[in-house]
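Here are the chains, one letter per residue:
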Amino acid sequence: MAFVEFRDVCKLYQMGSVEVRAVDGMTFDIERGELCVIVGPSGAGKTTVLNMLGGMDSCTSGTITLDGTAVSGLSERELTQYRRHQIGFVFQFYNLVQNLTALENVELASQICRDPLPATQVLSEVGLANRMDNFPAQLSGGEQQRVAIARALAKNPKLLLCDEPTGALDYRTGKQILQLLQDTCRQQGRTVAIVTHNSAFTQMADRVIRIREGRAQSVETNGHPLDASGVEW
Amino acid sequence: MRSAFLKEILRSVRGSLGRFLAIMGIAALGCGFFAGLKLCGPEMRRAGDLLYDGCDLYDLRVISSQGWDSADVDRIAAANGVDAAMPSRTADVVARVGKQQVAVRVSSLDVDAAAASSQASDYEVDSDDPFYLNRPKLLSGRWPQASGECVVSADPTDPSPEGERLELLYGTQDLGKVFSVTELEVVGVIASPVYPYTGSYGSTTLGSGSIDRYVNVAPQTFAADFPYTEVYLTVEGASSLESGSDEYEALVTKTKKRLQAMADDLAQARLADIKAKAQEQIDAAQAELDDRSADAREKLDVAQAKLDMAAEQIESSQTELADGEAAQSQGKTQLDQGRAQAEAQLAAAQARIDSGKAQLADKGAQLDAAQSQLDSEAAAQLSSHGVSVANASEAQTALRLAIGVLDQGRQRLADLKAQIDAARAEGKTDEELAALLEELRAQAAALLEPYGIEVIDGETALAKLDALRQELDSALKGLESAQARIDAGREQLAQAQATLDAAQDALDDQSVSAEIRLSVAQAKLDVAQGTLDSGRSRLESAQSSYEDGARQLEDSRADAERQLQEAQARIDEAQRQVDDLEAPQVYVLDRTQNEGVATYDADTRRMDSIAAVFPLVFFLVAALVSLTTMTRMVEDDRVLIGTFKALGYSTGRIASKYLLYAAMASVSGAVFGIALLTQVLPRIVTFAYSIIYVVPLAPLPLPIDPGIALVSGGIGVGVTLIATWAAVVSSLTSTPAVLLLPRVPKAGKRILLERLGPLWSRMSFSWKVTCRNLFRYKRRLLMTVVGIAGCTALLLTGFGLHDSIWDIIDRQYGPIVHYNTTVSLDDSATSADVEAVAAYLGQEGATGTVRVQSENLQAGSSLHAPLRVSVAVPMSSDELPQALTFKDRLSQDPVTFDDDSVVLTEKTAKLLGVGVGNTFRLYDQDDVGNAVGEGHELTVTGIVENYVGNVVYVGREAWAAMGSEDPVFQTLYTNVGSSEGEREALSSALASQDHVSTVVFTDETINMYRNALSAVNMVVVVLIVSAAALAFIVLYNLTNINVSERIREIASLKVLGFTRHEVHAYIFREMVILALLGDILGLVLGTWLETFVVTTAEVDYVMFGRLIHAPSYGYSFALTLVFTVLVLLFMRPKLDRVNMVESLKSVD
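Residue numbers (the working numbering), protein chains in the order written: chain A, 4 to 236; chain B, 64 to 1211.
In case anyone wonders, no lab produced these hints; they're calculated from the structure. Computed from a predicted model, the values in this text were never measured in an experiment. Where a beta carbon is used, it is the ideal one built from N, C-alpha and C, also for glycine. Just so you know, nobody snuck in bad clues.
To give an idea of the chain A side of the interface with chain B (calculated C-beta under 10 Å), a few residues:
hint	residue
1	Thr50
2	Thr83
3	Gln84
4	Tyr85
5	Arg87
6	Leu99
Take these sequences, add in the hints, and give me the full structure.
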């Protein structure tokens, strides 16, 4: 059984009188310790997949499991616990709390979960040992995203979900972030899922899931992924 | 274009309804509250004016100290500017109702007009009679018709007084001169516009000093010659102006001045009338006196004449008596002479008789000598015969006896001899003869032997016997002749004696007859003397009665003279009084001098003062709310503004969108708020005041003063627009390029608190972020703190006001005043009467009784015009603490009071502006309530805590030093059983005691205050409701902004796995802290606001409590928190609705 399983997952939105099928029978797996890139154009259902995987939204039908636990069918409260303990989330726009320092932002996450990693250690790992007491506004975008990643990692999640993690960053910084994510996967064996519209990222992935019109168009495993530093776009 | 722009605005309204409503709400609240409160005073005045005009309340009242008659009324009515005039009689009396004594103000009522009047509405009494003023409303029962019927003021404790009787006891004048009745019967209940304030109907010099009830009676209830006491006037055109307004005052003052100018003439005319009337009376009295005096003199003269006649008679009888006495003494002399003569004659005759007697006695002696010779001779003779005799007569007798015996013996002897001889003749024997002879011899011997003749033989014995007989016989004969001679001598002597005795008898007779004659004469004289004596005594009694009569006459003459003189003196005094009569004092009083109207007006002004300060809080909050809200809106629209700018819209045009938005919100809010609250607030306030005033509730809708509405709306809208402009202007100055970029998030900053390392490191991240957030958004902090503080301040003011007001009762009765009953005696009571009542109270179980003299006077200082005060002079300053505790309010230190002390209550001292060591003056007051005289200066020795009434406590010595008359101490402070039944029993028992005029139970006073002060509870409710509204708007708006501004953050937290509660806590903790800060600040602010309101709302008569109680701080604090929590609970769903997907969106 795969680490993450999507089986015939459908998501319907009622937009007034129109029924929109954001995800329409999506099926894929992600194995433990893989760096998976989910790629697709705008409106293909990437975000919906992310939401459902991240426990922010539930599916209309089908089953989603993470490490043998069914995510689909969880109650609101269970979903909160799921997010809290299983998932680390990295946003496109970092979503740091402006009023907390880098360290405090990490603690914000680590303080609420069962088995957190030490915040300072995580921050050191993402290369911010010297900037721990800085406020987000005092950090560059890349640094902020590192803080965000650190915040996600500090929770010691089973799955690290990243939503366009380089979307707000310049090329160089973006690359560094991708490197960080790849390192996290490789060195810590953490399962990482990156959602992006940028197909260039597929080169560094262990598994590439291509989405189009609410379906997994293809699921490919990449036997020889590139090092993140080699990815070009 | 234009319409697209407008559409955009309208859509933005729709899209941000919460924000729009927040601005609208705060504008509504601010403007409405301002306008509503501002209108309370004017609305109250308008309601008052409706009543005054509806009932034709007088504008001016002209009083004279000597009353008026109809001529005066005509004079007054003829004055320029006077519309209608109504004369009236008013008198204050103390009456007994049931067991109670109450001070009653009795006024005459035009009963015909009253009966014909109709009640058009709650505040209008219609009448065809334009001269029927001060029209009372009939609440129940009927109008009085007959003399002695009355309608009485409403009394909530006595809902149906019909049928009750008011026994008139005493008044300021002799009741007989004032009323034609002694009792009034209640036939109905009225509310008179003259007494709009039901808490007090005015003051009086009677009883406890305040009027308990007022009644209206038919005019004939007053005595026929009791003058009008006042004339009520309406001023032309005054009814179209609002009572109390400047225009009204100006108009009325014009007429008032005119009347005051006339006052002298009126007074002089009145004086002339009174003088003429009095002179008439005096002249009549003088004439009567003259008559009486003539009468009396005549009567006295008649009596004198009688007396004189009696004197004459006495004199003539005196003469007669003297004559009689002279005659009497002459008679006496004559009698004495006659007596002497007779006595001399009688004495001579007696002398002659006495010499005859002496001769007779000589002769007698001779005879006696002869007799005794004879006797001795006879005795001697006889003794020879052996017979012993004492005298001749015995000798004769003895001789005769012896002769008799001898004769008898001779016979027997002879018989015997014859026998012998016969016997011898017969021859009898010797023997028989011998026996006869023997017997003869024995018998002879028996006869003769005593004479010594021896008988030897019987026959011879005869001879011897014959011899003896012879001898005896001759002796007898000799004796008899001697005796005869003596006897003849004796005879002659006896004859002489008889002659002499006859002479003696004659003399005695003569003597007796002379005696008788003299006695008769004496008796006559005695009778005459008696007559004379009785005549004398009669004369003497006549004399003394004459003298009595003369003295009496003298007395009664003096008496009559004195009486006449006294009467004359009285008349002269009356004459002098009339001559000295001064023109009456004429007072022209307007409505401001009507206690009820003035109190009401003062209350409306107080409302004005309160209205001036309260809304400031709201406007301040409104400005802050608008500023933060609009700032948020402008920031939200950042990109839009950039777009508009990029499209070529001018700065002004873009700004106009927000100004228009703000204007729409604030104008609609202002209109709504003003429309609603100008109805609701004045309505609530007038309703609250209608509890203690008879002023009606004006019909809705209440008129809205356009000025106030515009000012209020203007300020509200202006403040909002200025705040909006301030919010917009910073964004608009940026270039479009900057605006189109995502907003740079407001940088986090370290705060001061972090310097406190140990504390900070112990705080959880959520507390850290809360603290940082608090200082990050300073505007929001300010708005929230000020808004919440305003809310708490309002609450605290409300509760504090409640405390202050109930403190009046709670602190006054118990901690300060210990007695629960005040018993007052009337002015005529003596010290003994008071003692009797005190003793009675003692019997009934009253304790702690303290006697004081209480007076209603006025106190003035250089800083303050005289105000009414109660003056209490305790009989014993040592006992006073049983009834009262004197202490300083702040320090609670006791204030000493002794016989020299003068202690003021705190409020009195404050009003007079005096402190310990300063001086003030006490004045007497007249019936109208003006201070009179020079007054007496006193030095304050202490100031004491006190809440009800203005009291001056004066020590006995200090009182005496004022030169006041020695007081009776006619008032008793005492403690009796506090149950209703005990009170009733005592009250009725005391009513039957002499001189007891009033019995006041503190509990009843407390109830009265509770009733009067209940109006304030309503204000408290208004304040609490407004505070809640304010708190809600501020908190809702703040939370709304806070949430919408931090939606990403919230979404991120949710994604991070924060539970609902953690998210709520994360956001709300901030609110709660702000609320707490505002709450604390509000307590400070509220303390200040409450003090302001309390000092403003206070009336002269009472001092409100100055301290807000701890529980009130607690309630205010807690209620604000409750409001906060409610708002937060209300906001919770909004937080829950925040979608996590928001976290994925880009920043814009």
